[in-house]
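Sequences and hints are given; from them, build the entire structure.
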Amino acid sequence: MVGSEVILLDFWPSMFGMRVRIALAEKGIEYDYKEQDLPDKSTLLLEMNPVHKKIPVLIHKGKPINESCIIVQYIDETWKDKSPLMPSDPYTRAQARFWADYVDKKVYDALKKSGTLKGEQQEKAKKEFIEILKVLEGQIGEKPYFMGESFGYADIALVTFYCWFYTFETLGNYSIEKECPKLIAWAKRCMQRESVSKTLPDSKKIYEFFMEMRSKLGHDHIQKVEDFSPFRGRGVFLKHGRLVRIRY
Amino acid sequence: MDDDVILLDFWVSVFGQRVRIALAEKGVHYENREENPQNKTPLLLEMNPVHKKIPVLIHQGKPVCESNIIVQYIDEAWHDKSPSLLPSDPYLRAQARFWADFVDKKVYESAKKIWMTEGEEDQQVAKKELIEVLKVLEGQLGEKPYLVGESFGLADIALIPFSMWFHTLNEIGKMNIERECPKLAAWVNRCMERESVSKTLPRPHKFYEFILEMQKKKGH
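Those sequence lines, one after another, are chains A and B.
Going left to right, the first sequence walks through residues 1 to 248 as the working numbering numbers them.
Going left to right, the second sequence walks through residues 1 to 220 as the working numbering numbers them.
Check the hints yourself; a few may be wrong.
Claimed, not checked - Okay, derived cross-link-like pairs now, DSBU-like style, lysine-lysine, Cα gap no bigger than 30 Å in a straight line:
#: 1; chain 1: A; residue 1: Lys-105; chain 2: A; residue 2: Lys-182
#: 2; chain 1: B; residue 1: Lys-40; chain 2: A; residue 2: Lys-134
#: 3; chain 1: A; residue 1: Lys-113; chain 2: B; residue 2: Lys-112
#: 4; chain 1: A; residue 1: Lys-106; chain 2: B; residue 2: Lys-106
#: 5; chain 1: A; residue 1: Lys-61; chain 2: B; residue 2: Lys-199
#: 6; chain 1: A; residue 1: Lys-112; chain 2: B; residue 2: Lys-52
#: 7; chain 1: A; residue 1: Lys-127; chain 2: B; residue 2: Lys-128
#: 8; chain 1: A; residue 1: Lys-53; chain 2: B; residue 2: Lys-113
#: 9; chain 1: B; residue 1: Lys-106; chain 2: A; residue 2: Lys-112
#: 10; chain 1: A; residue 1: Lys-178; chain 2: A; residue 2: Lys-188
#: 11; chain 1: A; residue 1: Lys-143; chain 2: B; residue 2: Lys-62
#: 12; chain 1: A; residue 1: Lys-124; chain 2: B; residue 2: Lys-52
#: 13; chain 1: B; residue 1: Lys-62; chain 2: A; residue 2: Lys-53
#: 14; chain 1: B; residue 1: Lys-128; chain 2: B; residue 2: Lys-112
#: 15; chain 1: A; residue 1: Lys-127; chain 2: B; residue 2: Lys-40
#: 16; chain 1: B; residue 1: Lys-53; chain 2: A; residue 2: Lys-113
#: 17; chain 1: A; residue 1: Lys-61; chain 2: A; residue 2: Lys-112
#: 18; chain 1: B; residue 1: Lys-53; chain 2: A; residue 2: Lys-182
#: 19; chain 1: A; residue 1: Lys-105; chain 2: B; residue 2: Lys-112
#: 20; chain 1: B; residue 1: Lys-106; chain 2: A; residue 2: Lys-41
#: 21; chain 1: B; residue 1: Lys-135; chain 2: A; residue 2: Lys-106
#: 22; chain 1: A; residue 1: Lys-105; chain 2: B; residue 2: Lys-52
#: 23; chain 1: A; residue 1: Lys-178; chain 2: B; residue 2: Lys-52
#: 24; chain 1: B; residue 1: Lys-105; chain 2: A; residue 2: Lys-63
Everything labelled a hint here was simulated from the structure, so no lab data went into it.
Bear in mind the structure is a predicted one, so any value in this text is a computation, not a measurement.
Right under this line is the structure:
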């Protein structure tokens, strides 16, 4: 019997944190949710994720697990007696990992660009983002979920972006449902699962959060200082060429 | 089970080398097909339409893409062959995946910058960044023989092909990685004692020649 001491360090609008919350809900695991005040990262977060200094972090019996997709696999392997999240055969498992990895490599950056760039660049970014969604749509095809009949790892990787769609559709003035109706149908199907519907915040709340964050930064172009190694992941932004710490 | 294994690869690719090491560890026989990145075969484009990249493992006609994913697939598909490439304990498995992912996110990009950036200042920044990244890995290694636990596995496989780059980085970057990271250098030697590694990785000077050739073509 696995111990019950499970803590999640998270930030409510994070689509990466939501993946972990869905996985924990699918397995019916009780846990202590600790909201992190980014960018003022707690000592616990910095201790538990010294390498990337990011949420989500799952702490199980005092030991940290980092990176959302890795955490979801850990949850599946540790609480293996209930609701499997990974397919059982090696080939389909490799496919599930491939598509979760595709989401990680492509969706976040493309989504952000589609809403934050301006003019011609934004049109190009929107087109690119829709292309990516169409690839994902193509993979789902006529199946109810990514890998077939069961909701699982690859679905979890992507569905958490669904609550962010409204924000970027509004900013970019386009409709994802119009371009990718099957994908939205898949997202709504996932939302029928309690683990998903109870985890994803309301799309309008996400929009309010994003607009508030943007107005605090003072201008429309947010350039996150991710390449400056001393400041990596510490919520420091570049504003008019100067480094600025922002509190959300 | 061993029949019908094809690997689409490119000799110089660290990602392809990961797969070849894993196949060698398991003693899996396969057909190696060399791809030219400038002139991709229809088979590659058919087997990896999404990324159009090597390595691609084709097992019984079905493709598996992305090197770390392929290594895990090899471990699971040939689970009855030793050694295991991942630990059995879920926490250690998560650690193995984390460090393989860290190598992907940090080592490749920072190392490449050293021979790709122009200008003394930019190169200094790139060198500092790479050493920082390698020291983090050294920290993870600690006094252990391998990156995660006592056995050679996924995280080691993810990183060891980059050791082939050290000579090139030392020459072009005018640095001495082995001196800055002696524990990592010792780990490299330990890994090279494994036949799967020593027979897979090209000689460092071959990689250096390849990079010089590439730079010449770009008119450096």
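These are the hints, each one checked on the structure:
| no. | hint | verdict |
| --- | --- | --- |
| 1 | A/Lys-105 with A/Lys-182 | 22 Å, holds |
| 2 | B/Lys-40 with A/Lys-134 | 24 Å, holds |
| 3 | A/Lys-113 with B/Lys-112 | 25 Å, holds |
| 4 | A/Lys-106 with B/Lys-106 | 17 Å, holds |
| 5 | A/Lys-61 with B/Lys-199 | 41 Å, violated |
| 6 | A/Lys-112 with B/Lys-52 | 24 Å, holds |
| 7 | A/Lys-127 with B/Lys-128 | 37 Å, violated |
| 8 | A/Lys-53 with B/Lys-113 | 24 Å, holds |
| 9 | B/Lys-106 with A/Lys-112 | 22 Å, holds |
| 10 | A/Lys-178 with A/Lys-188 | 14 Å, holds |
| 11 | A/Lys-143 with B/Lys-62 | 19 Å, holds |
| 12 | A/Lys-124 with B/Lys-52 | 22 Å, holds |
| 13 | B/Lys-62 with A/Lys-53 | 38 Å, violated |
| 14 | B/Lys-128 with B/Lys-112 | 13 Å, holds |
| 15 | A/Lys-127 with B/Lys-40 | 26 Å, holds |
| 16 | B/Lys-53 with A/Lys-113 | 24 Å, holds |
| 17 | A/Lys-61 with A/Lys-112 | 36 Å, violated |
| 18 | B/Lys-53 with A/Lys-182 | 28 Å, holds |
| 19 | A/Lys-105 with B/Lys-112 | 19 Å, holds |
| 20 | B/Lys-106 with A/Lys-41 | 22 Å, holds |
| 21 | B/Lys-135 with A/Lys-106 | 29 Å, holds |
| 22 | A/Lys-105 with B/Lys-52 | 15 Å, holds |
| 23 | A/Lys-178 with B/Lys-52 | 28 Å, holds |
| 24 | B/Lys-105 with A/Lys-63 | 23 Å, holds |
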